[in-house]
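Construct the complete structure from the given sequences, taking the supplied hints into account.
By UniProt numbering, the letter at position 308 of the sequence shown is numbered 308, and the numbering carries on one by one without gaps.
One or more hints might be untrue.
Unchecked claim - Beta-carbon label-pair distances, calculated as ranges:
#	residue 1	residue 2	range
1	100	348	24 to 34 Å
2	265	55	29 to 39 Å
3	340	45	32 to 42 Å
4	40	99	35 to 45 Å
Honestly, the hints are just simulated from the structure, not real lab data. Cβ coordinates follow ideal geometry from the N, Cα and C atoms, glycine included.
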Amino acid sequence: DLLNQTEEDIHWLSRTPRDAIRLGKLALNNQTVIVKEFYKVEFEIMRNEACITGLFAKLNVSPNIIGILIEYHQMNDLAFVQEFYGTGVSLAEFTSVSSGHEWDLSFLKTLAEVEINYDDQDEFFNKVVDSCEYTISKVFINLLTDWNTRTCKLKSHRRILIERISLILIQKMIVLHGSGYLINNFRINNILVNWNDNSIDRLGIDLRFIDFGLTSSIQQGIYLESDFKFFTRFTSLAPEVVHGHKTSRSSDIYSLCYVLYQVMEDYFPSSFLSLSSEKFFTNSTTFENLYIKFVSRLTTRQNLVTADKDHELKDITFHKYHLLLIRCLHNHSSDRPTLLSILSAVSLAF
1 DLLNQTEEDI
11 HWLSRTPRDA
21 IRLGKLALNN
31 QTVIVKEFYK
41 VEFEIMRNEA
51 CITGLFAKLN
61 VSPNIIGILI
71 EYHQMNDLAF
81 VQEFYGTGVS
91 LAEFTSVSSG
101 HEWDLSFLKT
111 LAEVEINYDD
121 QDEFFNKVVD
131 SCEYTISKVF
141 INLLTDWNTR
151 TCKLKSHRRI
161 LIERISLILI
171 QKMIVLHGSG
181 YLINNFRINN
191 ILVNWNDNSI
201 DRLGIDLRFI
211 DFGLTSSIQQ
221 GIYLESDFKF
231 FTRFTSLAPE
241 VVHGHKTSRS
251 SDIYSLCYVL
261 YQVMEDYFPS
271 SFLSLSSEKF
281 FTNSTTFENL
291 YIKFVSRLTT
301 RQNLVTADKD
311 HELKDITFHK
321 YHLLLIRCLH
331 NHSSDRPTLL
341 SILSAVSLAF
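In structure tokens form, the structure reads like this:
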């Protein structure tokens, strides 16, 4: 057998009635791998997804395929195996667990670099939070008493990593669309994180996507099943897709904007609008005026020099990027920004 068929060391990355993605161990050397399981699915469907995943691996979008398993558990259960990538930590886990560790570089690196024993994850995830927050008065007092004291930098280590992750997400989707494919289920827990030591400033990060079960041709798109439970699992789906329309470039871009907002939400003005908000602005000019007034009021009230839990309030390009994402999520599908315009906004904002 290619895999050790034990229930130990299993860490589920994604589960649906049709398929599941988990970590497993190779029988030959006990090396960790990614396993995509299929339940009562025709071989041709699994083979097609394996081929697409293999193509995306060559584009550095997905981990490489190692092999295909037939008669996996039962006669009509199948699976394919991919190389292990990073620590098996998804982008959803990385952003959630790293929140509050803005300046703890060793923690961030361990989370994205070292394979975690999930039996001991509570001990790892509950480390002491490293914060860097000062009132203006504290900054001057510290400088007077000790010139070598550390004050808050412009951007924390985590903030820099999150910005680079945002850029990579856009670049990967540009590659996939350029190859003629829609992802159709682009979401934060379908993305694996890995540390990249090649970065000059020691803050390198890279990503790989998993689960291409809903991938389609960019010319055609697909209709997704209307089961309510399905849509509650994929909250990043575009509204028009939930309401029965075909997937499209625009729906993929909506999902991208949703994930970009998720990873950067700690640094946006939280009291204005969040992903859970049901507010819908049909008049974009009215919305922009409201946003500008809000930022103006927030700026006058700001009295802390923080480590990035608040965005740079005077950085207008960052506000424009925030505004672009909210428009992407609240405007009509025909009014969503292009991938290149999102890339341009990110390049200016970061």
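The hints, checked one at a time:
{"no.": "1", "hint": "100 - 348: 24 to 34 Å", "verdict": "holds (28 Å)"}
{"no.": "2", "hint": "265 - 55: 29 to 39 Å", "verdict": "holds (32 Å)"}
{"no.": "3", "hint": "340 - 45: 32 to 42 Å", "verdict": "holds (34 Å)"}
{"no.": "4", "hint": "40 - 99: 35 to 45 Å", "verdict": "holds (39 Å)"}
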